[in-house]
Structure formats: C-alpha cells, structure tokens
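Residue numbers (our numbering), protein chains in the order written: chain B, 1 to 258; chain S, 1 to 290; chain V, 1 to 280; chain A, 1 to 201.
Derived from the structure by calculation, the hints contain no laboratory data.
Please note that the accuracy of each hint is not assured.
[As the list claims (entries may be wrong)] Calculated pairs, DSS-like style, for lysine-lysine (alpha carbon to alpha carbon, straight line, at most 30 Å):
#	chain 1	residue 1	chain 2	residue 2
1	A	LYS2	S	LYS7
2	S	LYS60	B	LYS225
3	A	LYS2	B	LYS225
4	S	LYS204	B	LYS166
5	S	LYS85	A	LYS9
6	S	LYS204	S	LYS123
7	S	LYS204	V	LYS129
8	A	LYS2	S	LYS60
9	V	LYS129	S	LYS60
10	A	LYS8	B	LYS225
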Amino acid sequence: MVERLSFYLERNSPLHRLNPTTKLVVAFTLILVAFLGRGLFLPSLIFLLILAPLSFLGQVGREFLRTTLNLLLPLFAFLFVMQSLFYPGGKTVLFGFWIFAVKLEGVRFAFLTATRVLVMVSSFLLLLLTTHPGVLLLDLTQRGLPASVAYILASTLQIIPQMQAKAATILDAQRSRGLDTSGSLGRRIRALLPLVGPLVFGSLVDVEERAIAIEARGFRSSRPKTSLVEIEDRPLERALRWLCLLAFILALGSHLWP
Amino acid sequence: MAVIVIKNLTYTYPTMDHPALREVSLEVEAGEFVAIIGPNGAGKSTLCYTLAGFVPHFFKGELQGDVYVAGQDIRHVRLEDWVLKVGLVFQNPFNQISGAKFTVYEEIAFGLENIGVPREEMKRRVEEVMALTGIADLADRSPYALSGGQQQRVALASILVMQPEVLVLDEPTSQLDPIGSREVFQVIRQLAHQGVTIVMAEHKVEWIAQYADRVIALAEGEIIASGQPAEVLTDPRLPEYGIGISRYTAVARQAAEEGLWPPHQRLPVTLEEAAAGFRAIEETDYARLR
Amino acid sequence: MRVCVENVHFEYPGGVKALRGVSLIIEPGERVAIVGQNGAGKTTLVKHLNGLLRPTQGQVIIGDWDTSQVEVHRLAQRVGYVFQNPDDQLFCRTVAEEVAFGPRNLGYAPERVHQLVEEALYLAELTDKAEINPYDLSPSWRKMVALASVIAMDTPIVIFDEPTTGQDARTIRRIEHMIEALRQRGKTILTITHDIDFCAENFERVVVMGQGQVLADGPKERILGMVEVLAQTYVEPPQLTRLGMQLGFETTVCTPAQFLETLRRRLGHYRANGLGRSEN
Amino acid sequence: MKLVDSIKKDFNTMTLVLIPVAIAINVVIGQIVVLLRLPVYLDSIGTVLVGAICGPWAGALTGTLSNIIWGLLIDPNAFPWFPVALFIGFVSGWCAHFGLFRTWWGVVITGFLVAITAALVSTPIAVYLYGGITASGSSFITAFLLQTGRDLVSAVLSTNFLVEPVDKIATALLAYAIIRGLSRRYLMRFPRAENVTPKKA
C-alpha cells in the first residue's frame with residue numbers, strides 16, 4: 001500500500017525551483033522527440049545525456065534510477081523476449097533453439113520501444129520527483145486549469161491514503177468475524193463483497209457531508225477567486241519553453257520528412 | 001436584538017413521511033451561546049442545517065414557517081451568500097477538511113480564496129484565527145496528519161476566518177477524546193465572550209452546564225424545554241425522552257428520593273454545585289446534632 | 001477461557017514502539033476496561049488478543065492457543081472484536097444477514113446460526129429491524145447491528161473498542177444492558193474507552209495504560225481514585241469519584257449506589273454519634 | 001438545453017466531491033483485488049458508478065483523472081492509457097442515459113459495450129507506444145496470435161476482445177450492486193439519479 005501523496009521528494013535544488021509548467025513542457029517535449037524523432041539511439045541518448053544528468057542536478061539521482069528500474073525492468077524483460085521471438089517483420093535469424101528463433105529486427109524493435117518507454121516514464125518521473133503536486137496544481141490553476149479539476153486532483157491524492165487505511169481496518173474487522181481471505185478461488189471471490197462493501201458504502205455516505213463542508217467554505221461562490229500563493233515564473237523559463245516548442249517542430253518535421 | 005428568529009418551523013426531508021422538525025419557534029440574541037440537547041434523531045442536526053441554510057437549499061424538501069437570520073429570510077437567499085452569514089461546523093472532523101489544500105495554513109485560507117479576499121488581508125485573517133484557535137504551530141502540517149482534536153480546531157478556524165455573524169456547531173466534540181473535547185470547548189467559550197452568536201448541538205451535559213447561556217431540549221422534532229441551563233438540565237422529564245443528564249443530577253435525584261437531598265432545593269448540574277449541596281447537607285446534619 | 005499476555009513488546013514497521021513489556025492475566029468472566037490517552041497502546045494491545053497483531057517479543061495465549069500460531073479467522077472462534085466504527089464492517093442487505101455473517105464463517109450448523117442470530121438481535125433490541133437494510137438505520141442503530149453481529153459469534157471473550165463514542169444516552173443504556181446480559185452468560189468482556197463514567201459503572205477491573213506500558217491494574221475502586229497515575233495518561237477520575245473526593249469520602253466511590261451508600265453511612269454515623277468528623 | 005449548460009448541470013457539488021471518492025475506490029479496489037489474487041482488475045468501478053449517476057461527461061473526467069492519479073502515485077506508465085478510461089466513463093454514462101442501468105441484463109450489455117470500446121481504444125495505444133506487447137499476462141495471447149501469422153494490430157485487438165468483457169461486465173455489475181445498495185434519498189442528490197431509479201408512473 002502507498003503511504004505518500006506522490007513521488008515528490010523535498011530537496012533544495014535548481015530543478016525544484018523551476019516553474020512547474022516549465023518542467024511539464026520539457027517532459028512532454030522530450031517524450032514527443034523520443035517518439036517522433038528518427039534514429040535507433042535517439043531515445044537512449046535523451047535518457048543518458050539529458051534525463052539522467054538532470055536527475056543528479058535535482059539531487060534525486062538515486063531514487064530516479066531505482067524507481068525507473070523498478071517500474072520498467074519487468075516490462076523490458078518481457079518486451080525483449082517476446083519481440084525478439086515473435087516480431088512480425090523478423091527475417092534475420094541471429095540464433096535459434098528448439099522451436100524458437102531470435103531475430104535481429106525483433107531485437108532492434110524491442111530496443112527502440114524499450115528506450116522510448118524509458119524516456120516517457122522517466123521524464124514524468126523526474127517531473128514528479130522534483131515537483132510538489134500542490135505547487136503543480138496551483139501553477140496550472142493560475143494558467144487556467146478549472147478550480148474544480150484542481151480540487152478533484154488534490155483531494156484524490158489526499159483521500160487515497162485515508163481510504164487505504166480504511167481498507168486495512170475493514171480487512172481487520174472482517175477477519176475478526178471469521179472471514180478467510182486466503183483459501184480457494186471460490187472463497188477469495190466470496191471475500192470480495194465483505195471487503196469492498198463497507199469501503200464503498202462508508203465513503204459514499206461521507207460524500208454528502210464533504211459536499212456540505214466545501215459549500216460552507218464558499219466553494220460555489222460566484223465571486224472571482226483570489227490565491228494565497230503566487231508561483232514564480234522567470235523570463236528565462238519562458239524562453240526555455242519556446243525552445244521546447246522549436247524542438248518539437250523539428251522532431252515533427254523529421255518524422256514527416258519522406 | 002434577536003439575530004435568529006424562527007417561527008413555527010416545520011420541515012420534512014424529501015422522500016420522508018414525517019417532519020424532522022415540528023412547529024419550532026426560537027429566538028437567539030446577538031452574542032448568546034445556546035446549546036441544543038436531545039437524543040439522536042430528535043432533529044438537532046436538521047435545526048443546525050436549517051440555520052446554516054442547507055435546509056432547504058441543499059436538502060430540498062418542504063419547509064413551512066419563517067426562518068430569519070440578521071433580518072434576512074432564508075428562503076430568499078442563495079446558499080453561497082448565506083454561508084458567509086452563518087458558519088457551520090459539524091461532527092466528523094475528517095469530513096470537514098476540504099482536501100483541496102496540502103497545509104493547514106492554506107486549508108484555512110481556502111474559504112477566503114473562494115470569496116475573493118485580497119492576499120494581504122487573507123494572510124492577516126488566517127494568522128489571527130490560527131492564534132485564536134491555538135493552532136499556529138500546525139501551520140505547515142498536512143491537515144490529514146493531525147489528531148481528531150487538532151483537525152476539529154482547523155475546521156473551526158476555517159469557518160471562523162470567514163467571519164460569520166452566527167456560528168452553528170453540530171456535536172463538534174462527539175468524535176473526540178476528553179482532551180480534544182476540552183480544546184474545542186475552550187475555543188468556543190472564548191468566542192462567545194468575544195460576542196459571536198453560538199448555537200451548538202451537544203451531548204456533553206457537564207460542559208453545557210458550565211458554558212452555555214441557554215439550553216433548548218429537542219425530542220422528536222419538537223422543543224420540549226427551553227431556558228437557563230440549571231433549569232432545563234435538571235428537568236425530570238429528560239430521561240423519559242432519552243436525553244442524558246449529568247451524573248451529579250442523577251445521583252442527587254436518587255438522594256432526594258431517599259430524603260438525603262432537601263426536597264425544594266434545585267438539583268445540581270456541575271461538580272461544584274453537587275459538592276456544595278452535599279456538603280451543606282452533611283454540615284446541617286452535623287450542626288443539628290451538636 | 002483465560003487470556004494470558006506475557007511481557008509483550010510490539011514495534012510497528014515504521015519503528016514506533018507501541019508496547020513495551022505488557023503483562024496481563026484475565027480470568028474467565030472478568031469485565032475489564034482499558035483506559036489511557038490516545039497513543040498509549042490500548043488498541044495495539046487488544047489487536048494482539050485476536051491475532052491481528054503478533055508480538056515482536058513475548059507471548060499472547062488465549063486458552064491453550066498461542067496467537068502467533070493460529071490464523072485470525074480461526075481465533076475468531078474464541079475472541080469477538082467489535083470495531084469502533086460500525087461502517088467498517090456492514091455490507092449485507094439486511095440486519096439479520098449481517099448478524100449471521102460471523103457465525104456462518106465460523107462454520108456453525110444452520111440451526112445454531114439461526115438461534116444465535118435471534119438471540120443477538122434480541123439482546124441488541126433489533127428483533128423488529130431484522131429485515132431492514134443496515135444503511136437505512138441511524139448511526140446509533142448501526143452501532144447496535146455491529147454489536148449484535150459480533151455477539152452472535154458466541155465467543156467466550158468479547159472486545160469492545162470505544163463502544164460509547166458519539167452515542168446518545170439511550171444507546172449507551174442499550175449497550176449497558178447488553179454487557180450485563182453477557183456477564184450473566186459468563187463471558188469475558190474487555191473494552192477500550194475514553195468514557196470513564198461508563199467504565200466506572202459497567203466494569204469491575206481497570207487497566208491504565210500510558211506510553212505502551214501498564215501504569216496500574218486492579219479493581220476499579222482502587223484504580224479510579226489514583227489521581228496522579230491517571231493524570232500521567234490524561235485521564236480524570238469519574239464524576240462521582242471526584243464528587244466523593246471533594247466531600248472527603250474515605251473510600252473511592254465509582255457508581256451511584258456506592259456513592260449513596262457512603263453518604264448514608266456518613267450521615268447515619270453523625271446521626272448516631274454526633275462526631276467523627278474533624279472541625280473546619 | 002444547450003450542451004454546455006447540461007454539462008454544467010452534471011457537475012454539481014455532490015458530483016465534484018464524488019469524483020475523488022470514485023477515483024480512490026478505483027485505486028483501492030484495484031489493490032484489494034491484487035491482495036485476493038483474483039483474475040480480474042475491477043479498477044474502474046468508481047468510473048462506471050460516476051458515469052451512471054452523474055452523466056457521461058463526469059464519467060469521462062473520472063476515468064481520465066483516475067489514470068492521471070495512478071500515474072502520479074503509482075506508475076507513470078498509466079498516463080498514456082487515459083483515453084481508455086475516459087471512454088469507459090463516457091460509454092457507461094450514455095448506457096445509463098438510455099436506461100440500461102435499471103435492470104441487471106441492461107448492465108451486462110453496458111459492460112459488454114464498455115469492453116468493446118475499451119478494446120478499440122487501447123489497441124492503438126498498445127501498438128504504437130509498446131509495440132503491442134505490454135507486461136500483462138494477456139500478451140501471451142497476442143504472441144500466440146502473432147505466431148499464427150496475424151498482423152500486429154489484429155492480434156492486439158483480438159486479444160483485447162477476448163480479455164476485456166469478463167472484467168468490464170463484472171465491473172458494471174458491481175457498480176450496479178453498489179447503486180442498488182444506496183438509498184433513494186441519497187441518490188437523489190446526484191444530477192442523473194433518474195437514470196438508475198425506477199421511472200415514476
């Protein structure tokens with residue numbers, strides 16, 4: 001069970017101080033370039049030359065590498081085995097055993113897919129490791145994200161650990177009433193309702209009170225809202241974001257070029 | 001001057017057959033602290049929701065009679081404006097945390113952001129109210145990482161910061177341990193001294209006796225008694241209606257049945273009254289014999 | 001069935017030491033209340049009694065079973081545990097089904113389940129509500145359903161976690177009747193409670209906990225008068241005990257009956273002798 | 001009523017507060033299913049529930065944000081799959097709009113339609129981003145179909161058609177069971193309660 005709000009780690013690094021939108025734009029650009037750009041080694045170079053060094057600049061290098069590997073190693077292992085054996089366009093057989101044959105095209109395809117996914121996951125991860133979700137939401141709200149969407153995301157992040165704790169209590173309460181949660185498949189299916197029922201009904205009953213509570217705080221007020229905190233945005237960062245747009249156009253161009 | 005005026009209020013929730021409140025009439029003066037007692041299901045929460053405007057605007061249903069707060073008719077206002085007039089704090093501290101904010105400081109400011117208070121004023125009001133409720137040291141904590149008593153004070157602060165004319169509290173201490181309850185009661189007593197009008201539904205009779213100016217007893221949607229705490233809380237009919245009374249009252253009543261408490265002396269509600277009463281009995285007895 | 005807690009230590013995965021050497025023997029049929037501030041280790045302790053937690057050091061023995069050797073759903077035959085919030089366990093469409101869930105899990109024969117359910121519903125005053133959906137009942141009645149659903153398991157030991165929190169006088173009365181009925185059936189009853197007056201009036205033995213240890217343990221007439229010990233864990237003596245102290249009673253009184261008896265004795269004493277009390 | 005107005009009406013305060021709870025239900029039930037080692041996901045019960053009682057747009061938002069939350073909290077691999085979740089919420093909302101949430105067999109049809117949509121939407125994502133092979137057990141089926149000479153897209157699509165219906169029909173039925181368990185008084189607070197309550201005579 002997860003006991004944190006997000007991947008965020010508190011540090012005092014230049015990367016942490018960047019405006020969240022800048023980080024978001026950079027992350028998206030890197031992903032798009034990795035998927036649109038040409039060259040077998042482009043995504044892996046993006047990871048090695050940009051993302052990995054940035055993670056150390058952000059003082060989260062170790063967690064960055066460890067979490068990336070944890071999330072992706074099983075997928076990569078699977079991907080390489082399956083694609084090198086079953087890739088539809090595979091012709092050049094590298095070596096074979098029993099009824100299987102490992103093909104070069106499959107290995108190349110697996111490598112490219114794996115490194116692209118690597119860039120996608122690790123870019124987001126770097127953003128999340130160095131950005132408090134509250135700050136990200138605040139900045140996006142100031143740039144026009146509807147307050148209701150920001151409310152939903154923020155409160156979901158905070159409700160989930162509470163619901164997990166509630167689920168653990170329910171599990172304890174039902175086991176105390178003799179419920180067996182290990183046993184055969186039939187038994188485990190029967191255990192689902194006693195565990196899920198109280199969780200769902202209990203939290204749905206709370207919805208009414210929570211709605212009253214936020215209405216009592218003027219959530220539905222028609223007056224223009226103000227904000228307690230203002231997120232900093234520097235001209236340099238704005239320039240960086242335009243640069244990202246340029247990189248994206250270049251990558252798109254290379255993708256569409258015959 | 002009466003801030004709250006309720007005349008012949010009868011209210012029925014949608015899909016319900018029986019009214020939750022029947023012919024309730026009530027006036028509350030500015031700066032008064034009124035406590036509402038009654039068994040669960042007597043209509044205490046409904047009365048609180050009515051004062052705060054959620055009946056009828058949120059719950060719909062059928063409302064008869066008049067409800068005025070600060071001269072305005074509840075039926076002709078919009079809920080989003082009404083909540084600035086009447087603040088509502090209720091039982092479960094956890095459900096009152098908005099979830100929209102990640103620190104206590106921001107959580108308290110949430111309401112002010114929603115109604116468009118300028119930043120500087122917002123900070124001043126938030127800090128003021130945190131000092132008043134004794135939670136200044138929690139400013140940077142996550143509202144979800146607090147104890148029930150602390151959360152309830154955050155909930156109270158989040159409402160107070162909006163500066164309502166009337167504060168309605170629906171059993172604010174029922175989920176709290178004795179320490180948490182005391183923390184909340186102390187803040188509320190201080191507010192009453194500062195002139196905030198307070199209506200509070202509560203089971204804890206000993207505290208009510210100490211702090212409230214007036215007590216109203218509800219049963220099955222009707223007001224069955226109203227008056228000074230000492231008078232209402234010793235009303236012999238309360239146990240019949242399932243309303244809890246203080247142990248001091250109960251034991252003195254039993255003593256009176258045995259002739260160990262003077263028949264015409266009012267029954268005690270607090271520890272001090274009980275101690276004084278029984279001590280006097282022992283002393284008269286002692287004096288008589290000497 | 002005897003409960004034997006031997007020098008139990010418990011540390012949560014985060015490194016918080018919740019219990020630091022607790023020893024306790026509870027004889028069959030005792031009624032024990034565990035009091036103490038939040039975080040004193042009360043809940044951690046009782047979760048050891050039905051195996052939800054297992055000691056990092058020491059032993060918990062229920063009858064002849066070591067809890068670390070038996071699965072929770074089997075320990076449920078011996079220890080019933082009513083959680084604080086009824087909404088953490090209710091899921092059936094009717095009250096009767098909800099109450100039958102526990103006894104069915106324990107594998108009792110249908111006739112016995114039927115009989116136990118009827119009896120539990122009767123004790124909880126729910127007989128006329130048997131076919132109602134628990135979520136259509138008020139929170140107070142849901143609490144009674146949760147109580148009935150554990151009582152129906154007919155375990156020799158029953159644990160109540162904060163039974164009176166948020167309940168009105170009438171519901172507390174119902175819970176008291178239920179405890180009395182269980183006492184008559186010879187059950188061992190344990191409760192964790194902040195409601196010290198409820199503790200004084202319905203239990204005979206009090207265990208005071210603070211910082212993961214037992215600070216005091218004994219008959220309530222001895223423990224509830226120990227103002228300093230109780231204060232260490234932010235507990236005040238019951239209302240009538242405090243009144244007795246203010247009046248200079250020689251013994252600690254816990255219940256109205258005890259209070260009145262002492263009062264009568266003192267008054268009778270003056271009436272008989274005209275002395276026996278210091279001048280002030 | 002204009003579309004924008006009708007969407008606004010769907011997003012009342014109850015809906016806004018329900019959505020976070022629904023997303024949390026998705027995540028936590030998903031984890032309970034793993035704990036019980038059941039052969040399904042059941043991680044969109046909350047999304048279907050919101051779709052049914054708050055309308056297709058609220059359902060779509062719940063699905064989308066569910067994936068964003070899953071990405072923020074557990075695994076960024078979830079982000080690109082958000083369109084699948086979006087359509088699960090949207091389709092179940094429309095099915096409820098046409099009265100399919102009043103009977104159990106209607107709900108089975110809903111589950112089936114949701115499954116078809118999910119299969120169609122997830123195929124291009126799986127093919128383009130992951131080359132058709134993801135880390136789930138169903139990729140073995142894909143590999144088998146590839147071996148029999150099918151092309152990548154049809155192999156992935158067939159796999160999804162085989163796998164999705166069981167999970168989505170179970171999901172829809174559980175969401176239906178939850179709705180049945182809620183009182184009418186409670187359901188009435190939600191904007192599309194009439195979708196799931198018996199029609200008035």
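Cross-check of the supplied hints:
| no. | hint | verdict |
| --- | --- | --- |
| 1 | LYS2(A) to LYS7(S) | violated (42 Å) |
| 2 | LYS60(S) to LYS225(B) | holds (27 Å) |
| 3 | LYS2(A) to LYS225(B) | holds (26 Å) |
| 4 | LYS204(S) to LYS166(B) | holds (28 Å) |
| 5 | LYS85(S) to LYS9(A) | holds (26 Å) |
| 6 | LYS204(S) to LYS123(S) | violated (35 Å) |
| 7 | LYS204(S) to LYS129(V) | holds (29 Å) |
| 8 | LYS2(A) to LYS60(S) | holds (25 Å) |
| 9 | LYS129(V) to LYS60(S) | holds (28 Å) |
| 10 | LYS8(A) to LYS225(B) | holds (19 Å) |
Consistency with the previously given hints fails for numbers 1 and 6, ordered from lowest to highest.
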